[in-house]
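Trainee: In the order they appear, the protein sequences are chains R and G. My numbering puts the first sequence at residues 1 to 105. My numbering puts the second sequence at residues 1001 to 1155.
FYI, nobody ran anything at the bench for these hints, they're computed from the structure. Model, not experiment: these values are computed from the prediction. Accuracy of the hints is not assured; some may be wrong.
[What the hints assert, rightly or not] Some chain R residues judged to face chain G by a derived CB distance under 7 Å, without partners named:
1. Glu46
2. Thr47
3. Asn54
4. Ile60
5. Leu61
6. Arg72
7. Ile73
8. Ala75
A virtual CB, placed ideally from N, CA and C, is assigned to each residue, including glycine.
Residues per chain, in single letters:
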Amino acid sequence: MLVLRRRAGEAIVIGDDIEIEVTEISRTRVKLGVKAPRTICVMRRETVPVALDNRQAAVILGNHGVGEILRRIYAGQAVPPAKPFEEPRHVFQSPLKPPEERADK
Amino acid sequence: MSERNVVRSPWLGEIEWNPGCELTFPWGLPGFETERRMIPVEIPAQRPLVYLQSLERDNICFVALPVRVIDPSFRLCLQEEERAALLLPDDREPAIGDDVLCLGLLVPSEHTVKVNLNAPIVINLHNSMGVQCVSTGQGAGCVRLGENGRWEAAC
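Only chain G is shown next, with the shape it has when bound in the complex (with noise of 0.2 Å):
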């Protein structure tokens, strides 16, 4: 009989996932160094909503948005160690939805959530790596989500 791989997410309950939904991240998230495996969930009702819940402690849970539900014209800016981590080829930028999965982190700001899209989470579809990439320069910046539901540049 096979073990079942279950999380017990204070938020979201119990969770049995398989192994093939697994997340690695090699560097684990600034903050949070050792916590380098999680897995994805979506909740249909919840859609767009991605939630990101540690299998190193059950009580550590992220949510995100995809970054293009955002800012339909972000770009990815990957720096050399982060596209290695990733295991990206060198030859060609990743797409957006077919190569990487780009994530925004939800941060609370007063009565409602910050993202800042120069540190996206991005996830390698094709081997499940996923890096917090910060860059330093001039990109999108931080927006706060307005009570209109549009992004507001935040910083």
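If we strip away everything but chain R, and leave its shape as in the complex, we get (with noise of 0.2 Å):
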């Protein structure tokens, strides 16, 4: 691995379009800006395998279905709803507004 010394301020570069830049050293932490073609993927590494994870969620209900996975869900609970599970006939959208917002509507 190369290592190199750098200051705030002071920066990197790979190649001929990617820069690194230290912008910031605190007691704990370096902040880096990172200078790149949009076309190169930028990422903290623990974020690989969540992006890796996310490609198989993404085709879940290509390839599984969610009947098993609500059986298994119902299967936990104390009492299980009336209807398990339904094909999704009617499809309702979720405004997912605060509480306090939803009711006066």
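Combine the two chains into a complex, taking the hints into account.
Mentor: Below you can see the structure in the form of structure tokens.
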């Protein structure tokens, strides 16, 4: 591994079009600014396995459906709902408003 | 005559939505950085499941559960950048359910599903901004849905 010492405001370049600048150094953290083409994916290392999981999560409906998931979820509840599973004929949007805003609608 | 906003999901069918329901993910999601606009869909018979249907690509639809359905003691841990992206105030912790919605994405895992509670989708209920918040630390970890409906540690 190449190890370089840099101060705040200094930068390194990778190839022709990627630049990483140390913008701020605090007691426990370093803040980095990255300039890179939009085609280059830049992410924190801990995000990489999440990206892999997300790619699987996006195809869950194509490969599995939700019937078995719901059966298991309801199996863990004290009182299962009357209708454990229905095919999605009617789709409802959730406005996802905070409860106090939802109340006056 | 106003134009209808319709997304045709191969899984959920045709969904007509109004702009007030749209969620904005300024960073997309890891692995889906261009997926910045989504709508949440709830089907009453399938509660507590929440679908996150992309408005960028019809065939991208995530399935999620509110994290407190999985772990009632779940505590949210936000980094400075995530808080800024969600436009949350610095002076207090957001309350789950009142200020933010926290969803765990269901990931296929053998014959069941798992959820990474260290990577919840956090949606600011006041402005509909969303971010998938990935934490490094020793948080709640991954859990897998067992045959009996219990969530078991998976990693």
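Trainee: Work down the list of hints and note, for each, if the structure agrees.
Mentor: How the hints compare with the structure:
For the restraint placing R/Glu46 at the interface with chain G, the shortest Cβ-Cβ distance is roughly 5 Å, inside the 7 Å limit, so the hint holds. Below 7 Å, beta-carbon pairs count as interface contacts, and R/Thr47 has one with chain G at about 5 Å; its hint therefore holds. Evaluation of the R/Asn54 hint against chain G yields a held restraint, the C-beta minimum of about 4 Å falling below 7 Å. Hint on R/Ile60 holds. Least Cβ distance to chain G is approximately 5 Å, under the 7 Å limit.
Taking 7 Å as the C-beta cut-off, the interface hint given for R/Leu61 holds, the closest approach to chain G being about 4 Å. The restraint placing R/Arg72 at the interface with chain G holds, with a minimum CB-CB distance near 5 Å, inside the 7 Å limit. Taken as an interface hint, R/Ile73 checks out: its beta carbon lies about 6 Å from the nearest beta carbon of chain G, inside 7 Å. At its closest, the beta carbon of R/Ala75 sits 4 Å from a beta carbon of chain G; the interface hint therefore holds under the 7 Å criterion.
Checked against the numbered hints given earlier, the structure satisfies every one of them.
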